[in-house]
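From first to last, the protein sequence lines are chains A and B.
Just so we're aligned, residue 0 is where the first sequence starts under numbering that gives the first Met the number 0, counting upward by one.
Just so we're aligned, residue 0 is where the second sequence starts under numbering that gives the first Met the number 0, counting upward by one.
Keep in mind the hints are simulated off the structure, nothing from the lab.
Check each hint, because a few of them may be wrong.
Computed list of lysine to aspartate or glutamate pairs in EDC-like fashion (alpha-carbon distance at most 16 Å, straight line) [said to hold, decoys possible]:
| # | chain 1 | residue 1 | chain 2 | residue 2 |
| --- | --- | --- | --- | --- |
| 1 | A | K187 | A | E33 |
| 2 | B | K171 | A | D88 |
| 3 | A | K133 | A | E117 |
| 4 | B | K190 | A | D99 |
| 5 | B | K190 | B | D174 |
| 6 | A | K77 | B | E175 |
| 7 | A | K77 | A | E106 |
| 8 | A | K189 | A | E33 |
| 9 | A | K189 | A | D81 |
| 10 | B | K190 | A | E106 |
| 11 | B | K184 | A | E106 |
| 12 | A | K5 | A | D69 |
| 13 | A | K158 | A | E188 |
Being a predicted model, the structure only gives us computed values, none of them experimental.
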Amino acid sequence: MTTKQKQAVYFQNVSKIYNTGTIALNHFDFSVEEGEFVSFLGPSGCGKSTALRMVAGLGSPTVGEVTVFDKTPEELIKNTNDIAFVFQDANLLPWRSVLDNVLLPLELRGGNKKEKQEAAVKVLEMVGLKDHLKSYPRQLSGGMRMRVSIARALAAKPKLLLMDEPFAALDEITRQTLQMELLDIWEKEKMTVLFVTHNVYEAVFLSSKIAVMSARPGRLSSVIDVNLPYPRELGMRTDPAFSKYVDIASASLENHEHRKETV
Amino acid sequence: MAMSEMEITKKQNALAAAGKKNKPLGTTFKEMYLGPIVAFILFISMWQLIPLALGLPHYILPKPTDVLEATVSDWALLGEAIRITIFESVIGFLLSAVIGIGVSVLLASSKILERSIYPYAIILQTIPVVAVAPIVVIWFGAGFNSIVVISFLIGFFPVISNTLMGLNSVDKNMDELFTLYNASKWQRMWKLRIPAAMPYIMAGLKISCTLSIVGAIVGEYVAGIGGGNGGLGYAITVAAIQVKTSFLFSCGIAAAILGISFYLLVSLFSKMMLGSWHESAMKSEK
Numbered sequence: 000m001t002t003k004q005k006q007a008v009y010f011q012n013v014s015k016i017y018n019t020g021t022i023a024l025n026h027f028d029f030s031v032e033e034g035e036f037v038s039f040l041g042p043s044g045c046g047k048s049t050a051l052r053m054v055a056g057l058g059s060p061t062v063g064e065v066t067v068f069d070k071t072p073e074e075l076i077k078n079t080n081d082i083a084f085v086f087q088d089a090n091l092l093p094w095r096s097v098l099d100n101v102l103l104p105l106e107l108r109g110g111n112k113k114e115k116q117e118a119a120v121k122v123l124e125m126v127g128l129k130d131h132l133k134s135y136p137r138q139l140s141g142g143m144r145m146r147v148s149i150a151r152a153l154a155a156k157p158k159l160l161l162m163d164e165p166f167a168a169l170d171e172i173t174r175q176t177l178q179m180e181l182l183d184i185w186e187k188e189k190m191t192v193l194f195v196t197h198n199v200y201e202a203v204f205l206s207s208k209i210a211v212m213s214a215r216p217g218r219l220s221s222v223i224d225v226n227l228p229y230p231r232e233l234g235m236r237t238d239p240a241f242s243k244y245v246d247i248a249s250a251s252l253e254n255h256e257h258r259k260e261t262v
Numbered sequence: 000m001a002m003s004e005m006e007i008t009k010k011q012n013a014l015a016a017a018g019k020k021n022k023p024l025g026t027t028f029k030e031m032y033l034g035p036i037v038a039f040i041l042f043i044s045m046w047q048l049i050p051l052a053l054g055l056p057h058y059i060l061p062k063p064t065d066v067l068e069a070t071v072s073d074w075a076l077l078g079e080a081i082r083i084t085i086f087e088s089v090i091g092f093l094l095s096a097v098i099g100i101g102v103s104v105l106l107a108s109s110k111i112l113e114r115s116i117y118p119y120a121i122i123l124q125t126i127p128v129v130a131v132a133p134i135v136v137i138w139f140g141a142g143f144n145s146i147v148v149i150s151f152l153i154g155f156f157p158v159i160s161n162t163l164m165g166l167n168s169v170d171k172n173m174d175e176l177f178t179l180y181n182a183s184k185w186q187r188m189w190k191l192r193i194p195a196a197m198p199y200i201m202a203g204l205k206i207s208c209t210l211s212i213v214g215a216i217v218g219e220y221v222a223g224i225g226g227g228n229g230g231l232g233y234a235i236t237v238a239a240i241q242v243k244t245s246f247l248f249s250c251g252i253a254a255a256i257l258g259i260s261f262y263l264l265v266s267l268f269s270k271m272m273l274g275s276w277h278e279s280a281m282k283s284e285k
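Okay, chain B solo, but in the shape it has when bound (with noise of 0.2 Å):
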């Protein structure tokens, strides 16, 4: 009975070491990052290997070895481009939030406003905004201005339909809370409504702020630069057009970390504004 006892104890203290000890280091690491690293490396290699190997030549399909000297290269043309865009859409964003949440507040806060509107609301998102692009143009001229509302009109819509659910799915139960207690309108929608409307608000905001990305460099393919330097949409049109493929690959790869960056930033903003309560919060702890 003592010896078996012992040797339990004995086992329970070499697995809780061994659980303490190897476990957050070695097997985090190889379960979460070793697969995604050694995908990354087998990827570039194989594309750096297939050119070379069907002899395809940098214009068609460029190495990352040329990406790479290219970006080097050409690094004050894309760090302007990237700059640019950058101001351009995070304005773009900026009004879209804004905007979006402002608008979404006053049809919510009068039942007759929000059911003659909101299908609107809904209709407009569908219309691919490449399309209404030229209007834009026509209405705020070449360059700056049209690029920030053509990023704005693309963001714009997810913020407003998600923050007009949001508003509108509080519990029954704790609006009869407030009913109980004689709120006022305003005072229903700053305490209960718009809290409780946060985590779709958050959702909007990360759909948007990618698509204000997308947004400014079509604004930029749209309506060119007015007189002013390009971003990062102009820099793709150029490189097109002197088909200096290697350098369209850096704008691509460019954008794309600009828009993950981007998505991070906000997710980083919605996890704080969320703070200790709500469940997506929650769930991204773990």
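Chain A with its partners taken away, still in its complex shape (with noise of 0.2 Å):
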């Protein structure tokens, strides 16, 4: 990690309890710096979602603070299109086309109509789905409809993108295809991604650097910086070195799940 880089995001003790008095988050320290892939890998109700979604300011923390690039997820959600989200189930609306879709964002912060229109079917373009403009969310696959939500999301060049676990209701070959694609934009587009999963694999194969969070109560477990170079092939998963990242992903995970039961 370089010192000259600027912090992107940043939970300063951030704690969240819900009015059922569930712990979801408890004192998580962590930061993320500008042009990372951070991936939160963790069981379910380890509240890496919760995480994530504090960053983009729905819900916040009941103690302690989330700052995004020096300010607060409010303040930039008013003001600027720096964050955009990819929910678990595409989100599409389905009573707009493929075009109308990805036009939202931008409909929604007003400007010129033509202006608009290039840059939607721009990023259509970059995820492959220039001759499907005019289709409905129902007449595409999955995989497609993820397309269409990542390119909503990149409509309004975020400099963050949040994915919540994006690719988990998507098959083995769609979600590889679809992983390799998100490193290509992210390279090109050189934006920081923080990324929520709990599959170790796909937290290993995109990452340069893992948060790995355990459950009850959410916590921070450990941080995983994953030196493998990028871009990054799909060979290498069979790569000793891959195996290594995964093995102490695993193990972190592991040892947590262990503790949790003897405590």
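Reconstruct the complex from the two isolated chains, following the hints.
Written out as structure tokens, the structure reads:
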């Protein structure tokens, strides 16, 4: 990690307690540098989605502070398009065509119509859906819908892309393709990505840094720097170095599972 | 090996050909239409035969032929009555659709308004409109105006309760998406809540369109004709007093056909509005 990089996201001693008394996140301290690809890896109930949603201003911490580019998420959302969010299901509006779905974020902000159209077509081209502009979501496969969802997130040129288990519902082959495409886009667009997953392989394959989290109460258990070179190839999955990181991450997950049982 | 493979190809071709030629025409007709048609013919014949066999007079139970005869001979009266009822119920329906949707959007745009008024909208819905119809007549006078108001009242509440339900049924994730892009209240309303409510609104309109005909006929019973020509409700009242049972049947059947046609028309409109995207429209495609 170089010191000259700017901080993109900073969790400062963040805790989140729901009305039911559940502690979703406990004393979470973590920071993401600009340009990194960071994964939150952990079992369900470890607060990884809660943490991600806070970055988008969807829910605020009970204790502590989340800052994004030195501002509060609410401030950023109000004034800029710096944050984009990709949900687990593609979350497309079924009454809008592919193009209109991607246009939505641009429409909500106002501005020149022709420019918006061009921007939308450009991102759809980037995810390989140029021939489906007029299709409706229900006519597309799960993988294609997720592509539209990613295109929509990219349309407004975000500096920070938040993804909440975006590939969890897809089949393995589609997932691998989309992982490759996502890495391509990340390298091209030079943005920061925060990616939530419970899949160890996915976390290692994509990330430059993994935050391993554990459940009940949700907390950070370890941080792993993945020093594998980019661009990453599918063949890398059989590489010993890749396996080493998978082992480290798995061990970190299991450790805490084990400790939880003995306590 | 080669033989059996050839046989399989042959069988395959034969099956494919059979599937192409026979299935769509033959089986779908048999499965879908034959049953109802046979049942209809049986019903009409029994209806024709039973009064004959029991020697029932036409003013107790008219035969289908009597009803047909009455329809033809009194067509001038019946046709005019149908025309008037259509006019009244269409206006009543349009009013309930426009005002119902408008009021719902207004209510849904403010949580406080909705919370304070929605319960009353529900309670008002349970009031039998027939019970308040005389009040309407006192306020709006005998005839057309009152009839339209009664038709409107009966169709209004299904629209408002369905629309409100739809406007509040927006998917949580989609709502958050709009939050993320800092959408204004009205952007959220026009681009998210109203489109998402469309299937609910259309379901409300389908209920309301048949009710508006009921409302118009009930209105004619209660509000009379106020000097002009009468609709179906009025024709029914007159025919009942004169014990023109065959003509009463004609009026009843005409009202039923009116209701069905109106319903089909609104269904068609609903399919057009929901277009290619919504599941309820998708299912009926199959």
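Structure-based check of each hint:
Distance check on the hinted pair: K187 (chain A) and E33 (chain A) sit about 14 Å apart at the alpha-carbon level, within 16 Å; holds. Distance hint between K171 (chain B) and D88 (chain A) is fulfilled; the C-alpha atoms sit about 12 Å from each other, no more than 16 Å. Among the hinted pairs, K133 (chain A) with E117 (chain A) is consistent with the structure: their alpha-carbon atoms are about 15 Å apart, no more than 16 Å. About 11 Å separates the Cα atoms of K190 (chain B) and D99 (chain A), which keeps this hinted pair within 16 Å; it holds.
The straight-line distance between the Cα atoms of K190 (chain B) and D174 (chain B) is roughly 11 Å, inside the 16 Å bound, and the hint therefore holds. Taking the CA atoms of K77 (chain A) and E175 (chain B), the gap is about 14 Å. The hint holds against a cut of 16 Å. Between the alpha carbons of K77 (chain A) and E106 (chain A) the distance comes to roughly 15 Å, so the proposed pair stays at or under 16 Å and holds. In summary, the hint linking K189 (chain A) to E33 (chain A) is supported, as the alpha carbons are separated by about 9 Å, within the 16 Å threshold.
For the hint pairing K189 (chain A) with D81 (chain A), the CA-to-CA distance comes to about 13 Å; that is within 16 Å, so the pair holds. Taking the CA atoms of K190 (chain B) and E106 (chain A), the gap is about 10 Å. The hint holds against a cut of 16 Å. Between the alpha carbons of K184 (chain B) and E106 (chain A) the distance comes to roughly 14 Å, so the proposed pair stays at or under 16 Å and holds. Between the alpha carbons of K5 (chain A) and D69 (chain A) the distance comes to roughly 10 Å, so the proposed pair stays at or under 16 Å and holds.
Distance check on the hinted pair: K158 (chain A) and E188 (chain A) sit about 9 Å apart at the alpha-carbon level, within 16 Å; holds.
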